[in-house]
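Enquirer: Following the hints, put chains E, V and B with the ligands in place on chain S, whose structure we already have.
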Amino acid sequence: MRWGVVRFPGSLDDTDALWALGRVMGQEARALWHKDEDLGDVQCVVLPGGFSYGDYLRCGAIARFAPIMKSVVRFADAGGLVLGICNGFQILCEAHLLPGALMRNRSLAFVCERVHVRVENAATPFTCAARQGEVLRLPIKHGEGLYVAPEQELRAMEERGQVLLRYTDSSGRECDAANPNGSMRAIAGVANETFNVFGLMPHPEHAVEAALGGEDGLKIFRSIAMSIEGRRPGASTAAASSTAA
Amino acid sequence: MTVHRNAEMPIALPDEPAVGLEQARAHGLTEDEYRAIERALARTPTFTELGVFSVMWSEHCSYKSSRRHLRMMPNAGPRVVGGPGENAGALEVGDGWVAVFKIESHNHPSFVEPYQGAATGVGGILRDIFTMGARPIASMDSLKFGAFDHPRTRYLLGGVVAGIGGYGNCVGVPTVAGETMFDAAYNGNILVNAFCLGLARRDELQSARARGVGNPVIYVGSATGRDGIHGASLLASAEFDAASETKRPTVQVGDPFTEKLLIEACLEAMRSGAIVAIQDMGAAGLTSSSSEMAARGQLGIELDLDRVPLRETGLTPYEILLSESQERMLLVAERGREADLAAIFARWDLHAMVIGRVTDDRRWRVRWRGQLVADIPVEALADHAPIYDRPARPPKRCESRGASQLTVSPAQALRRLLDSPNVGSKRWVYRQYDSIVLGNTVAGPGGDAAVLRIKDSRRALALKVDSNPRACAIDPYVGAAATVVEAARNVACVGARPVGLTNCLNYGNPERPEIMWQFVRGVEGIRDAALALETPVVSGNVSFYNETEGRAIPPTPAIAMLGVLEDLSRRVSHHFKRAGDAVVALRTAPARLAGSECAAMFGIEGGELAALDLRRERALIDGLVAAADRGLIKSAHDAGEGGLAVTLAECCFSPDGALGVEIERMPDGDEAEVFFGEGASTVVISADPDRMEELRGLFGGIEFIPIGRVIDAPRLRIANTGSANTIDEDVRELRQIHEQAISRRLAPHG
Amino acid sequence: MLVKVFVSPRKGILDPQGRAVAQSLKSLGFDGVGQVNIGRYIVLELDISDAEQARATVRRMCDQLLTNPNIEDYTFEIAAARDESPENQSR
Amino acid sequence: MLVKVFVSPRKGILDPQGRAVAQSLKSLGFDGVGQVNIGRYIVLELDISDAEQARATVRRMCDQLLTNPNIEDYTFEIAAARDESPENQSR
Ligand SMILES: Nc1ncnc2c1ncn2[C@@H]1O[C@H](COP(=O)(O)OP(=O)(O)O)[C@@H](O)[C@H]1O
Ligand SMILES: [Mg+2]
Numbered sequence: 001m002r003w004g005v006v007r008f009p010g011s012l013d014d015t016d017a018l019w020a021l022g023r024v025m026g027q028e029a030r031a032l033w034h035k036d037e038d039l040g041d042v043q044c045v046v047l048p049g050g051f052s053y054g055d056y057l058r059c060g061a062i063a064r065f066a067p068i069m070k071s072v073v074r075f076a077d078a079g080g081l082v083l084g085i086c087n088g089f090q091i092l093c094e095a096h097l098l099p100g101a102l103m104r105n106r107s108l109a110f111v112c113e114r115v116h117v118r119v120e121n122a123a124t125p126f127t128c129a130a131r132q133g134e135v136l137r138l139p140i141k142h143g144e145g146l147y148v149a150p151e152q153e154l155r156a157m158e159e160r161g162q163v164l165l166r167y168t169d170s171s172g173r174e175c176d177a178a179n180p181n182g183s184m185r186a187i188a189g190v191a192n193e194t195f196n197v198f199g200l201m202p203h204p205e206h207a208v209e210a211a212l213g214g215e216d217g218l219k220i221f222r223s224i225a226m227s228i229e230g231r232r233p234g235a236s237t238a239a240a241s242s243t244a245a
Numbered sequence: 001m002t003v004h005r006n007a008e009m010p011i012a013l014p015d016e017p018a019v020g021l022e023q024a025r026a027h028g029l030t031e032d033e034y035r036a037i038e039r040a041l042a043r044t045p046t047f048t049e050l051g052v053f054s055v056m057w058s059e060h061c062s063y064k065s066s067r068r069h070l071r072m073m074p075n076a077g078p079r080v081v082g083g084p085g086e087n088a089g090a091l092e093v094g095d096g097w098v099a100v101f102k103i104e105s106h107n108h109p110s111f112v113e114p115y116q117g118a119a120t121g122v123g124g125i126l127r128d129i130f131t132m133g134a135r136p137i138a139s140m141d142s143l144k145f146g147a148f149d150h151p152r153t154r155y156l157l158g159g160v161v162a163g164i165g166g167y168g169n170c171v172g173v174p175t176v177a178g179e180t181m182f183d184a185a186y187n188g189n190i191l192v193n194a195f196c197l198g199l200a201r202r203d204e205l206q207s208a209r210a211r212g213v214g215n216p217v218i219y220v221g222s223a224t225g226r227d228g229i230h231g232a233s234l235l236a237s238a239e240f241d242a243a244s245e246t247k248r249p250t251v252q253v254g255d256p257f258t259e260k261l262l263i264e265a266c267l268e269a270m271r272s273g274a275i276v277a278i279q280d281m282g283a284a285g286l287t288s289s290s291s292e293m294a295a296r297g298q299l300g301i302e303l304d305l306d307r308v309p310l311r312e313t314g315l316t317p318y319e320i321l322l323s324e325s326q327e328r329m330l331l332v333a334e335r336g337r338e339a340d341l342a343a344i345f346a347r348w349d350l351h352a353m354v355i356g357r358v359t360d361d362r363r364w365r366v367r368w369r370g371q372l373v374a375d376i377p378v379e380a381l382a383d384h385a386p387i388y389d390r391p392a393r394p395p396k397r398c399e400s401r402g403a404s405q406l407t408v409s410p411a412q413a414l415r416r417l418l419d420s421p422n423v424g425s426k427r428w429v430y431r432q433y434d435s436i437v438l439g440n441t442v443a444g445p446g447g448d449a450a451v452l453r454i455k456d457s458r459r460a461l462a463l464k465v466d467s468n469p470r471a472c473a474i475d476p477y478v479g480a481a482a483t484v485v486e487a488a489r490n491v492a493c494v495g496a497r498p499v500g501l502t503n504c505l506n507y508g509n510p511e512r513p514e515i516m517w518q519f520v521r522g523v524e525g526i527r528d529a530a531l532a533l534e535t536p537v538v539s540g541n542v543s544f545y546n547e548t549e550g551r552a553i554p555p556t557p558a559i560a561m562l563g564v565l566e567d568l569s570r571r572v573s574h575h576f577k578r579a580g581d582a583v584v585a586l587r588t589a590p591a592r593l594a595g596s597e598c599a600a601m602f603g604i605e606g607g608e609l610a611a612l613d614l615r616r617e618r619a620l621i622d623g624l625v626a627a628a629d630r631g632l633i634k635s636a637h638d639a640g641e642g643g644l645a646v647t648l649a650e651c652c653f654s655p656d657g658a659l660g661v662e663i664e665r666m667p668d669g670d671e672a673e674v675f676f677g678e679g680a681s682t683v684v685i686s687a688d689p690d691r692m693e694e695l696r697g698l699f700g701g702i703e704f705i706p707i708g709r710v711i712d713a714p715r716l717r718i719a720n721t722g723s724a725n726t727i728d729e730d731v732r733e734l735r736q737i738h739e740q741a742i743s744r745r746l747a748p749h750g
Numbered sequence: 001m002l003v004k005v006f007v008s009p010r011k012g013i014l015d016p017q018g019r020a021v022a023q024s025l026k027s028l029g030f031d032g033v034g035q036v037n038i039g040r041y042i043v044l045e046l047d048i049s050d051a052e053q054a055r056a057t058v059r060r061m062c063d064q065l066l067t068n069p070n071i072e073d074y075t076f077e078i079a080a081a082r083d084e085s086p087e088n089q090s091r
Numbered sequence: 001m002l003v004k005v006f007v008s009p010r011k012g013i014l015d016p017q018g019r020a021v022a023q024s025l026k027s028l029g030f031d032g033v034g035q036v037n038i039g040r041y042i043v044l045e046l047d048i049s050d051a052e053q054a055r056a057t058v059r060r061m062c063d064q065l066l067t068n069p070n071i072e073d074y075t076f077e078i079a080a081a082r083d084e085s086p087e088n089q090s091r
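Residue numbers (my numbering), protein chains in the order written: chain S, 1 to 245; chain E, 1 to 750; chain V, 1 to 91; chain B, 1 to 91.
Note that these hints are calculated values from the structure, not bench results. On a predicted model such as this, the values are computed, not experimentally measured, just so you know. Some clues are possibly wrong.
For lysine-lysine, the following DSS-like pairs were computed, each having C-alpha atoms within a straight-line distance of at most 30 Å [what the hints assert, rightly or not]:
#: 1; chain 1: B; residue 1: Lys26; chain 2: B; residue 2: Lys11
#: 2; chain 1: S; residue 1: Lys35; chain 2: S; residue 2: Lys70
#: 3; chain 1: S; residue 1: Lys35; chain 2: B; residue 2: Lys11
#: 4; chain 1: B; residue 1: Lys11; chain 2: S; residue 2: Lys70
#: 5; chain 1: E; residue 1: Lys64; chain 2: E; residue 2: Lys396
#: 6; chain 1: E; residue 1: Lys396; chain 2: E; residue 2: Lys577
Okay, chain S solo, but in the shape it has when bound (with noise of 0.2 Å):
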């Protein structure tokens, strides 16, 4: 399939996402520049990680502008798929494709390290070559990473499945210990309600080759080919993630 991955001013993790996609997965990925408006014909758009304009003001509250954003949110009103990682995720959220906002993580520091994710709907575009409640495993690198939203729209979020992972331990349980920034309920990605729009904290790009710290970053992009390529979500998992690249 067809991928195209934003470059911002400030952008870092774009050269990992399309290495990831393109030399990895062996997909069409190509980068797309911040003051085009044109997508081509891409069929999943990627915001990637990194501190786009600085991050200065708030995450993601400038990128917002940039001329690409208008073809974004038209490509994701029309039902296009959207995946933003890190600095990708603060800037749907400033841009309101995704709810809530990301704050600065409760230990007020910058935090680098892997860890541990729970899928909580794999009934979904973004997850569905994972299992439900299967544990991920990988890195985080922000100092922004705090989600919050109103209790009322958590709920509701919460019943319409729109929290597809979650931070917890190594054996999927919960625990403030395995929150590593403080997250709201230790949200770590969610989707819009109709959910083709994804953002999430952890960088699936930095995990796909066993060589660099595991693969599990692999079930992320696989979902997103399998749903564009017409297979039911949740079809065989098994057959997806022994396809390794």
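Expert: Structure of chains E, V and B with the ligands alone, referenced to chain S:
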């Protein structure tokens, strides 16, 4: 731009102070230096010119006290490309790639303002690397703080670490290794040394040598403000005292976002072929970058200050020329390519401004509001700074008594040492650094050396920075040589061949003979070790005047070593892998307590450093590389701070924490020294018992001591023959202590 | 004119920074410290002579870029005159 | 009492945030925007009845923790009364 008329003389500006010897002294120049300036100009300098000379001839920019000694260091070798004179040396690392790397100090700025001081230190070293045409791919930091219980230490530690992370994380270069030490000797003068490694294709290396009379000189990056005027240059060239606190208005603030744009834009511009020469505006900003590029090309440069982008109004020529505002680059372009370059920089929202031209008369000429304000022979600024052969004399040493005894049991000592911030895990520090961006980090912080893959190649690079001030304080020569050897050994422990190094020499006031002696001995130690290991010195940096109220820091040469791993699949890591594996201690000489963490912790005084035999050190490193290459070792870990017992414990800290070790017999010698001694090179390896003889054969000339085996219970058992004192501890408990050594001391109300 | 915008975390939204600062103030021995909130203080020069028009502009700036209405409230002053219009709830 | 502290980057010190925001406001079509500076707005509850004593306490808080004297200036208000003492240079 107006044409130069020979008759024209630089004019003194209204309300500028009169220039004379007093004014020169106020600028930190000596009388001889001032007279030399008068001779170079054949007249009295203008105030602006005096300021320019004072920074260019400062210790920081001119290396006037160190230059003649630095020449001793070996900088040649089969891998070396890109010669001296450029901003940093480069090494061939295979597959057509060259590695460019350098380490630099930002000690004083970080003491004054820890966050911004450390941040701008990272920014500065990054520019030194990409100005060479290399893409920065990894950073390291070497940090020295005061005693943990000193009132300022927590504040400085927090600020410096946040600053290094704040800049490095935002600019997208992973911080993959470093070192952190706490010692009362740094209470009044911390050390913050920042390292950067870049990769370039061999033919992409970029020059900093001006060419082509009439070529435009172009300014790109942040606008110029009053930042750091006489900052780096003077701060780093005069002893630090309370007065420096008043230099506050000159604090430089880093802008990593603009730096990121500069990296991408400059690399793209270089590939366009429109750039003749490029140099970052570091210390002495516009002045040093322009005059040095001209000097290398044996040409002249004429600048028009009215075209320099300014952040504030009312800057004088003096301020514009001496400003150390960050994130600025100066380049010489091919005439006629101005528009192409402007387009590339505009694409990155950067404004490229032509501010001058290359001339043929070897003069550095500056205009402001149409008037000539400086007119100086280029060589006088860049090359003819005074060079001093300062007197060096060893200090009178108090007779070193034989080492006193360790009074606590080995088990107690082990726990105390694991809890020391110098021995315990540095995770609290490095988890604040993005160590994985760019997708090359195979082994980040936490092991002996970091390992970075080279994409589309079997090869990988290994990196580590080390220093050993306690050994240097006892013997500045042996200490410095031992530091080179330690960095190389850390690199060899992951299976990589050490190929070259860079150094940051942190010392006190060179005008004091005993400090100068420490410095010279240090350089000699680095030279001899580098020769023995065939690791050329490709770049370096000197930081003098690390003193507060007359108290100097211990000699602290920081050595950053680059290694090449021919086959990534041969990489070795430091923890035990399989129960039943044999555990071997490799040793070049018996360890000693002198200069060890154990001695510092338990107040054990005197004693001699372990003997250092560079031939044996070379043999150990060669053996480790060969053994890794043949896949003979399962794990290798260098005995660093804390000694052999601590190292054995660390080898048990495997991810699943299921393994332990059973030691039947420790190497011979005094128990405290064998368990906790340092200095001599000791490496703990584990290997398949059936391959022992094969292994032994690779380590001719050094001690190869089988001491025990890996067990599948998380216990550390050390039964020392002929001694009742044995260690039998729960590995998970020890790991807990080790993990929290720093974090528990920083816990709120802790 | 000189515009001063005061941005604070919305009531009920957690403010980790504020909490941490309150903590450290107490551990520094400052007694009687209650809740602490940390927001943003934005000062900008705006070349609009008509006060009413300026107020309207600043409101648009705040709603679009300067603040995130999901988590932040704001008030602002122009020159010296504090803006008391309803949508700028003062704390 | 309620204390409001206004922290801003010291004059002449680079303010990358302010610059980025000014840029962005312009590209959003807001005309007449001049210099923008971004600082912090700290609101804290302080249980000290004597105003003079409170002011002294707040100054100590600012110098020790709330602000970075190397690169920031501050002013503060207690309740509604703005503090006009000399060391709080207002911009
Ligand atoms: N300031 C730092 N930044 C990044 N990594 C660090 C820092 N300090 C220590 N480390 C990492 O912690 C580990 C232990 O460091 P160190 O004690 O210097 O090792 P050694 O015992 O070999 O000297 C290494 O992996 C090192 O890279
Ligand atoms: Mg070390």
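Enquirer: Kindly indicate which numbered hints from before are broken by the structure, ordering the numbers from low to high.
Expert: Violated hints (numbers, rising): 3, 4, 6; every other hint is consistent with the structure.
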